[in-house]
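Taken in sequence, the protein lines are chains A and B.
When you read off a place in the first sequence, starting at 1, and then add 508, the result is the number in my numbering.
When you read off a place in the second sequence, starting at 1, and then add 235, the result is the number in my numbering.
Some clues are possibly wrong.
Straight-line C-alpha distance at most 25 Å; calculated BS3-like pairs for lysine-lysine [unchecked claim]: (1) B/K391 with A/K754; (2) B/K353 with A/K1039; (3) B/K262 with A/K764; (4) A/K1018 with A/K1029; (5) B/K267 with A/K531; (6) A/K1036 with A/K1018; (7) A/K1092 with B/K262; (8) B/K394 with A/K813; (9) A/K799 with B/K267; (10) B/K386 with B/K402; (11) A/K1092 with B/K364; (12) B/K257 with A/K1039; (13) B/K267 with A/K750; (14) B/K364 with B/K397; (15) A/K531 with B/K386; (16) A/K531 with B/K391; (17) B/K262 with A/K799; (18) B/K397 with B/K386; (19) A/K1036 with B/K386; (20) B/K267 with A/K1039.
Just so you know, the hints here were simulated from the structure itself, not pulled from any lab data.
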Amino acid sequence: MHDKQYRVKVGLATCGIAGGAAKVYQILKDRLQESGIEVERTGCIGMCYNEPLVEVIEADGQSYLYGNLEPEDSLHIVDEHIEKGKPVRNLLVLGRSAETDDQTFLEKQRRILLKNCGHIDPEEIQSYIDADGYKGLRRALEQMTPESVIEEIKQSGLRGRGGAGFPTHLKWGLTRQADGAQKYIVCNADEGDPGAFMDRSVLEGDTHSVLEGMLIAGYAIGASIGYVYIRAEYPLAIRRLKIAIKQAEGKGLLGKNILGSNFSFELFIREGAGAFVCGEETALLMSIEGKRGMPRFRPPFPAQKGLFGCPTSINNVETFANVPRILHLGASAYNQLGTEESKGTKVFALAGKIRRGGLIEIPMGTTINEIVFDIGGGISTGKPFKAIQTGGPSGGCIPAELGDTPVDYESLKKIGAIMGSGGLLVMDEETCMVDVARYFLSFTREESCGKCTFCRAGTHQMLKILERITQGEGREEDVDLLIELAEKIKAGSLCGLGQTAPNPVLTTIKYFRNEYDAHVKEKYCPAKKCKALITYEIDPEACTGCTLCARNCPVDAISGMKKEAHVIDQSICISCGLCINSCKFDAVTVSSKPKQLV
Amino acid sequence: MKQATAADLRTLAQDHPVFAVKEIVDKHIESKGAAIPILQEIQNVFGYISPELLRRAGEFSGIPVNELYSIVTFYAQFRMEPTGEHLIQVCHGTACHLAGAERITESIQFETKAGPGKTSDDGMFTMEKVACLGCCSLAPVLTIDEETYGKLSPEKVRKIIKDVRRKNPEHSASKGDNESA
Ligand SMILES: Cc1cc2nc3c(=O)[nH]c(=O)nc-3n(C[C@H](O)[C@H](O)[C@H](O)COP(=O)(O)O)c2cc1C
Ligand code: FES
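Starting from the given sequences, assemble the full structure and let the hints guide the process.
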């Protein structure tokens, strides 16, 4: 290779691209063409809040990370840093002489699973191999029996990262022991939790690690075919998977007689078609079989009778991505991390009202407060921290008072929440907890496959009650009714969707009962979120009569002469809030007075 | 045998839609559980799945049409009506909901005159509500024709829509065009 003084990398995961990284990449590429510096492509480094991100690495390995770049900033970096050797301090987010406090974002993290994300080129297999890639597979095939691979996974303490935390070695062992000449490995990349993107980031940033994990699993259980079931909303991840499969085949890492052994493995991709319930394992298998994705009763478990009636081990993306790390590091090194019952690290998608939202990886047992404040940098709005939500529509809300709770499977369960697959939403004082419950119920009602009456009709009923509460029409008995319905749905549903759908409602009632009461009894929304319970007004003192709000109002509820104070006609106003957004003088105010009382 | 790419199929579909369906079915029929990949590719090539296309797919694949129909209605991804020229997908995942997806939806409706799940009268925009697009840290998020936009505000939405309109001058809109850029 020719000697390069600088290396330049641009984070090109979906989040980076949405933040404008593709433009930056193109500009840098054009600008650096003559200098012989090749602009490299990499995945998500996790600092989504700073996208687009560009890393400049100097000849001695010193790294400088630039963030929040406008296209013209990237040219400035070339002019100053690459041409004159002077880092542009005010654009730096990490690295020597950076002026930000972003270093703390990384300090409490332990990036084992994400070690390659944002560093290697996910579209180049060699880049993965250079980072110890496929060493775990090599070790398995050359030095271990399938049984000893399963034993190693057992020693590591790995539990499924798809949400339930089922011990991975048990699932693999059962599938291995099950009768059947044909066995399958399935990777669950449906990532249905609406607020989570860990699996997407791993697939986009470190594609081969998932492939390698699936290969090792295939060897361990005696499967020769694997499927990745991935949601269609992730086109970039799908594209990178296709590239990875081709490249692995080209290197003899996929196909017949892998690495000269007698282990052969084929891999196929199946795109999901937009049904949350297909994340549930039995429904997912039905979907791969080309049918409607309806969950079925277990047992038999997929390990006994899975895809096309054959023994199948189905695991989450992150579970698979852990496997090569375990085989490469050794189980005894891996299980040093985490708590007694929950080993290793967990990746979370940190989002919501948080200053530093992004992709984080923590040792199990890190507390909620450490995540929110030390890693996440606190609340983005400056308002008090109110709660976090984990586990998406199946999970629960945890109030700020329980911020010292360690994040591991057992501790979260104890307080009524779940680990979930890794979505972690942070909420501040301005978040209405009744609205959050209503939101999740509208999601599960929509996604219920309709097979079980309790799930179908029960979620519909609960949603109706929540809707009337948020509309200021709640009745005294409504909260008790919700609890009663919740218990019935839990008991009367076949699959996890129905069994867990009431969780967001139950936990918000448990920890935020006062908010329900305020809505029901006082027709008052403390967070000023529920449209029927708030009123927008214009402060005549502050209004300059610029007419912007009137022009923005979709229902023409605002009137007033130019340069004179405007007024909102409450009988027309639909409380959409566009006026408050458009006002440059903070003249629009919102108060929690029900509309009909004005 | 070289497999037809989506672009090849799109060209074919323009003049010979039936042949295109046949190609698509042949491409997938050998693999197990082919029904969904067949329907996905038909939608990808034609933009939506009309009753006629469904009937043809059934005919060539041997899969009963009512089975195909039940799949199409079960999965949210499948569309039985054509979309407008531009497909806007607004994220209503949890992070986007907290960040005001409702407000974004309203401003899109205001700018494009396409309500959720609907196409505007000028045929230019279709708006869909979708669950998480996987960019939650940039909430609220939307995609237009697969390009993702994050950290939205109603103002930003207006600008984005205006830019899209500008690229299609023949459809110049009534509102907003007289404002200087
Ligand atoms: C309604 C529902 C949705 C689910 N969605 C997902 C999902 O999107 N991704 C996932 O990995 N697991 C999901 N699961 C869990 C799977 O059924 C299964 O437990 C998991 O894929 C097993 O992998 P693991 O052992 O590696 O965790 C879901 C379960 C239910 C009940
Ligand atoms: S919630 Fe909108 S991108 Fe995830």
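Results for each hint:
1. In summary, the hint linking B/K391 to A/K754 is not supported, as the alpha carbons are separated by about 40 Å, beyond the 25 Å threshold.
2. At most 25 Å may separate the alpha-carbon atoms for a hinted pair to count; B/K353 and A/K1039 meet this at roughly 24 Å.
3. Of the pairs offered as hints, the one joining B/K262 and A/K764 holds, with about 23 Å between alpha carbons and a cut-off of 25 Å not exceeded.
4. Using a Cα cut-off of 25 Å, the hinted pair A/K1018 and A/K1029 holds, with the two alpha carbons roughly 17 Å apart.
5. About 41 Å separates the Cα atoms of B/K267 and A/K531, which puts this hinted pair outside 25 Å; it is violated.
6. Between A/K1036 and A/K1018 the CA atoms are separated by roughly 21 Å; this keeps the pair inside 25 Å, and the hint holds.
7. A threshold of 25 Å between alpha carbons decides the hint, and for A/K1092 with B/K262 the separation of about 57 Å lies outside it, so the pair is violated.
8. Taken as a hint, the B/K394 and A/K813 pair is broken in the structure, with Cα atoms around 53 Å apart against an allowance of 25 Å.
9. Note on A/K799 and B/K267: the hinted pairing holds, with a Cα-Cα distance of about 11 Å set against a maximum of 25 Å.
10. With a C-alpha separation of about 23 Å, the suggested pair B/K386 and B/K402 falls inside the 25 Å cut-off, and the hint holds.
11. Straight-line distance between C-alpha atoms of A/K1092 and B/K364 comes to about 29 Å, which puts the hinted pair past the 25 Å bound.
12. Of the supplied pair hints, the one linking B/K257 and A/K1039 is violated, its CA atoms being roughly 51 Å apart against a limit of 25 Å.
13. This hinted pair checks out: B/K267 and A/K750 have alpha carbons roughly 19 Å apart, not beyond 25 Å.
14. Note on B/K364 and B/K397: the hinted pairing holds, with a Cα-Cα distance of about 20 Å set against a maximum of 25 Å.
15. A C-alpha spacing of about 17 Å is found between A/K531 and B/K386, which places the hinted pair at or below 25 Å, so the restraint holds.
16. Between A/K531 and B/K391, the direct Cα distance comes to roughly 18 Å. Compliance with the 25 Å bound is thereby established for this hinted pair.
17. Restraint check for B/K262 and A/K799: the C-alpha separation of about 19 Å stays at or below 25 Å, so the hint holds.
18. At most 25 Å may separate the alpha-carbon atoms for a hinted pair to count; B/K397 and B/K386 meet this at roughly 17 Å.
19. Between A/K1036 and B/K386 the CA atoms are separated by roughly 22 Å; this keeps the pair inside 25 Å, and the hint holds.
20. Distance hint between B/K267 and A/K1039 is unfulfilled; the C-alpha atoms sit about 49 Å from each other, more than 25 Å.
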